[in-house]
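Engineer: Each chain, written out:
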Amino acid sequence: MSVDPPVVHGHINGQVFSAAADATLLQVIRAAGLQVPTLCHLDGLTPVGACRLCLVAIEGHPKLEPACVTTVAEGMVVHTHTPELETYRRMAVELFFAEGNHVCAFCVANGSCELQDVAVEVGMDHSRFPYQYPQRHVDASHTQFSLDHHRCILCTRCVRVCDEIEGAHVWDVGYRGSACSIIAGLDQPWGEVAACTSCGKCVDVCPTGALFRKEDGTAEKHPHPERAAQLAEARHEHRWTNP
Amino acid sequence: MAVSWRCCDATACRAAGAAALRQRLEAEVGAERVKPVGCLRLCGQAPLAAADHPDGSTELVAGVAGERRLDLDHPFFALQRPVVLERCGLVDPSSIDDALAQGAYATLAACRLRRAAELVEEVVRSGLRGRGGAGYPTGRKWQLVAAQSGAHKVVVCNADEGDPGAFMDRSVMEGDPHRLLEGMAIAAQAVGAAEAYIYVRAEYPLAIERLRTAIAAATERGVLAGLPIQLRIGAGAYVCGEETALLHSIEGGRGTPRPRPPYPAVSGLWGLPTLINNVETFAAIPAILREGGDWYAAMGTAGSKGTKVFALSGAITHTGLIEVEMGTSLRTIVEAMGGGGSGVVKAVQTGGPSGGCIPAELLDTPVDYASLQELGSIMGSGGMVVIDAAMAMPELARYFMRFCVAESCGKCLPCRAGTVQLEQLLDRFVEKRASPADLAQLEQLCGMVKATSLCGLGQSAPNPVLSTLRFFRAEYEAALAPGVVP
Ligand SMILES: Cc1cc2nc3c(=O)[nH]c(=O)nc-3n(C[C@H](O)[C@H](O)[C@H](O)COP(=O)(O)O)c2cc1C
Ligand code: SF4
Ligand code: SF4
Ligand code: SF4
Ligand code: FES
Ligand code: FES
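Those protein sequence lines, which keep their order, are chains B and E.
Sequential numbering from 47 applies to the first sequence in this note's numbering.
Sequential numbering from 23 applies to the second sequence in this note's numbering.
So here's chain B without its partners, still in its complex pose:
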């Protein structure tokens, strides 16, 4: 039998909040009707704190903390949009665009891309850091889906959804640093990985145009990131949401 966790109180951007003691700051921020940008986080998947966009300032904490993995505590005073945070967020989005090859006008996800949305949110219209134009490739070996690594931001949502929800663990991260890439199976072509059930969950949760359905052309991708949370809820709480 579960017992309701105690309630804690604090301030976000001057506004009072109360929350369950096991809530994350991101949940509290959203419940307060506020917003911080996120890319790696997705409700329903284990948070990893990798994109660093959701960092917030907490009074008395020497470091900025990622809202998606930080648990609230009694008396927390949180600021989500200090000038420093806004500067760093914009720089982070610039670094995302500069490290890959993003040509939005020709992208399957144009108009429904979370990276694009975040760029708009933080007011980033070009990168002041030189574009790196990395040599990456496209894996079109799967019969129904493709992975265009040029657009991958290494958020690992695909890795987590396939491992945690589909239970197939087709994806992982290979190599390191700027050479990191999402790999299928033992760094094989996706179409050769027998573990893939072709469920499409990775395509649904991918925030960019990296993973897409082959039948979709420019600006035709319709992602379904909400499915991860729906499935997690169905699994853990035996409750179905019928959209």
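Quick caveat, the hints were computed from the structure, so don't treat them as lab data.
A few of these clues could be false.
Some chain E residues flagged as far from chain B (calculated, every beta-carbon gap over 12 Å) [claimed, not checked]: (1) G39; (2) A53; (3) K57; (4) A100; (5) A123; (6) L135; (7) A238; (8) A239; (9) Y260; (10) G275; (11) R312; (12) A358; (13) V366; (14) E396; (15) C426; (16) V452.
Capping the alpha-carbon separation at 20 Å, the derived lysine to aspartate or glutamate pairs in DMTMM-like fashion look like this [stated by the list, open to error]: (17) E/K472 with B/D185; (18) E/K57 with E/E81; (19) B/K109 with E/E396.
Built from N, CA and C at the ideal position, the CB exists for glycine as well.
For chain B, the structure is supplied; the task is to place chain E with the ligands on it using the hints.
Structural biologist: Relative to chain B, chain E with the ligands alone:
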């Protein structure tokens, strides 16, 4: 009685011909009067051997033919204060009998008669701080792990020493492996752990061999108080020295850090409460429990107790392994012990890729956690590289940034993409084609990577740049392209 020899059989001397020197000495006095030992400290003169004469005097020679006699009264030796290294160079690292004869495991045996809380209290009193780089109070960490309720806890030793210029932990493992095992067994008793691991980098084959031999012998003799100690060998990633990445790696996963909390003390290896300490930290434990925490705390400064081992290298005459009291000045280390002439030394680099450069004019700085941090450097794990005028600071900063680019695990954006941009910006300074805007961008991006990266690697990657900008800014300004000098 005839002379007997101690021949250094550690990595630096092996590379410089220790085997030939030993054969020669064995031919001269007979194999039974020559024993292999760990580092004899002055590695720069390798290979080294020490002669113990029947009258009690000792003599140190260097060279494959033992042709150079070294002065043991030189400050390099005279100013050392061996605690962690008290048996290193005296004991045969492959012989448990020799170790036992020199007191190994006696403290552990005595500790078994004491209450666990007393052991923790002794470590708290000692003021010992973690020697792996971050300097977290060891006693407080032990208290935390001891306070966890789980019946199943783990002790892990971080032997992934990867900072360029660092060889303190390697020397301890190669020279006196039983001291590390004893320290871990005491820790296990103190925090209530029944299982232990040593995570050692694959690039240390001799340390691995010595540890294997030592663990097998200690287990067979039953001197480890029943603690099973397992070795885990790294696979060549610097980031696996970061504690959460290290634990992932032991679990068989990809060696990437995760956000903390939860700290390993609460949820570590396989989710169990885990005590993770550095090699040198564990190696200080037997002496602390033998002599008492107060004895240890009497050495050093207010915030930095005891002694610290440094790997001293670079533009000085005497390079090698030193152990000195905390609070010793950099000048004493560099000029008196290292023989670095004033006027030659430009700066001292401490803390490797996470640290910074202390300029020659600040050599009177005492070596303690607070003083180094105030100057924008860190104590780090103990690498100390002396820099002379031949090294341009933007180039030094780029060297460390390249290291971070190569070693970034790639999990978080600021480190993965930010260090690449920082390296390219530094290229412009090294090649003297930077603009004032580049300088502004360099500083701003350093601030961003430092403030927003997930783990210590990214958070400290900008330190070598920031520290050289602080003390050698003129070198960056001089590197602006002609015509754009402000
Ligand atoms: C990138 C990185 C590399 C590290 N490498 C090491 C290492 O090689 N050895 C070590 O003991 N600690 C290393 N650390 C520090 C460990 O995370 C941890 O703080 C330490 O093992 C704790 O032991 P201590 O308290 O005894 O120092 C590293 C930290 C970072 C961020
Ligand atoms: S389609 Fe489903 S099973 Fe295949 S990789 Fe994607 S999430 Fe995994
Ligand atoms: S393919 Fe998509 S979901 Fe997977 S890591 Fe890349 S951007 Fe994220
Ligand atoms: S800071 Fe660097 S090494 Fe640490 S998690 Fe981020 S990418 Fe990996
Ligand atoms: S959303 Fe929190 S770090 Fe990515
Ligand atoms: S390794 Fe032989 S003296 Fe240091």
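Engineer: Determine for every hint whether it applies to the structure shown.
Structural biologist: Hint check:
No Cβ of chain B comes within 12 Å of the Cβ of E/G39; the nearest lies about 37 Å off, and the non-interface call holds. Residue-level check passed: E/A53 sits 47 Å from the nearest beta carbon of chain B, beyond 12 Å. In this structure E/K57 is separated from chain B by more than 12 Å, as the shortest Cβ-Cβ distance comes to about 43 Å. Every CB of chain B lies more than 12 Å from the CB of E/A100, the least distance being 41 Å, so the non-interface label holds.
Non-interface call for E/A123 relative to chain B: holds, since the shortest CB-CB distance, roughly 46 Å, exceeds 12 Å. At the 12 Å boundary, the C-beta of E/L135 stays outside the reach of chain B, the nearest C-beta of that chain being 42 Å off. With a least beta-carbon separation of about 34 Å from chain B, E/A238 lies farther than 12 Å from that chain, consistent with its non-interface assignment. The claim that E/A239 is not at the interface with chain B holds, since no C-beta of that chain comes within 12 Å of its own (minimum 37 Å).
E/Y260, annotated as away from the interface, has a beta carbon of chain B within 12 Å; the closest lies near 10 Å. Its beta-carbon lying about 10 Å from the closest one in chain B, E/G275 breaks the requirement of being farther than 12 Å from that chain. In this structure E/R312 is separated from chain B by more than 12 Å, as the shortest Cβ-Cβ distance comes to about 37 Å. Annotated as non-interface, E/A358 keeps its C-beta farther than 12 Å from every C-beta of chain B; the closest such distance is 37 Å.
The Cβ of E/V366 lies farther than 12 Å from every Cβ of chain B, with a closest approach of about 36 Å, so its non-interface assignment holds. No beta-carbon of chain B is positioned within 12 Å of the beta-carbon of E/E396; the least distance is around 16 Å. Residue placement check: E/C426 does not keep its beta carbon more than 12 Å from all beta carbons of chain B (closest about 9 Å). No Cβ of chain B comes within 12 Å of the Cβ of E/V452; the nearest lies about 16 Å off, and the non-interface call holds.
Taking the CA atoms of E/K472 and B/D185, the gap is about 35 Å. The hint is violated against a cut of 20 Å. Between E/K57 and E/E81, the direct Cα distance comes to roughly 15 Å. Compliance with the 20 Å bound is thereby established for this hinted pair. Taking the CA atoms of B/K109 and E/E396, the gap is about 18 Å. The hint holds against a cut of 20 Å.
Figure legend: structure checked against the earlier numbered hints; hints not met, in rising order: 9, 10, 15 and 17.
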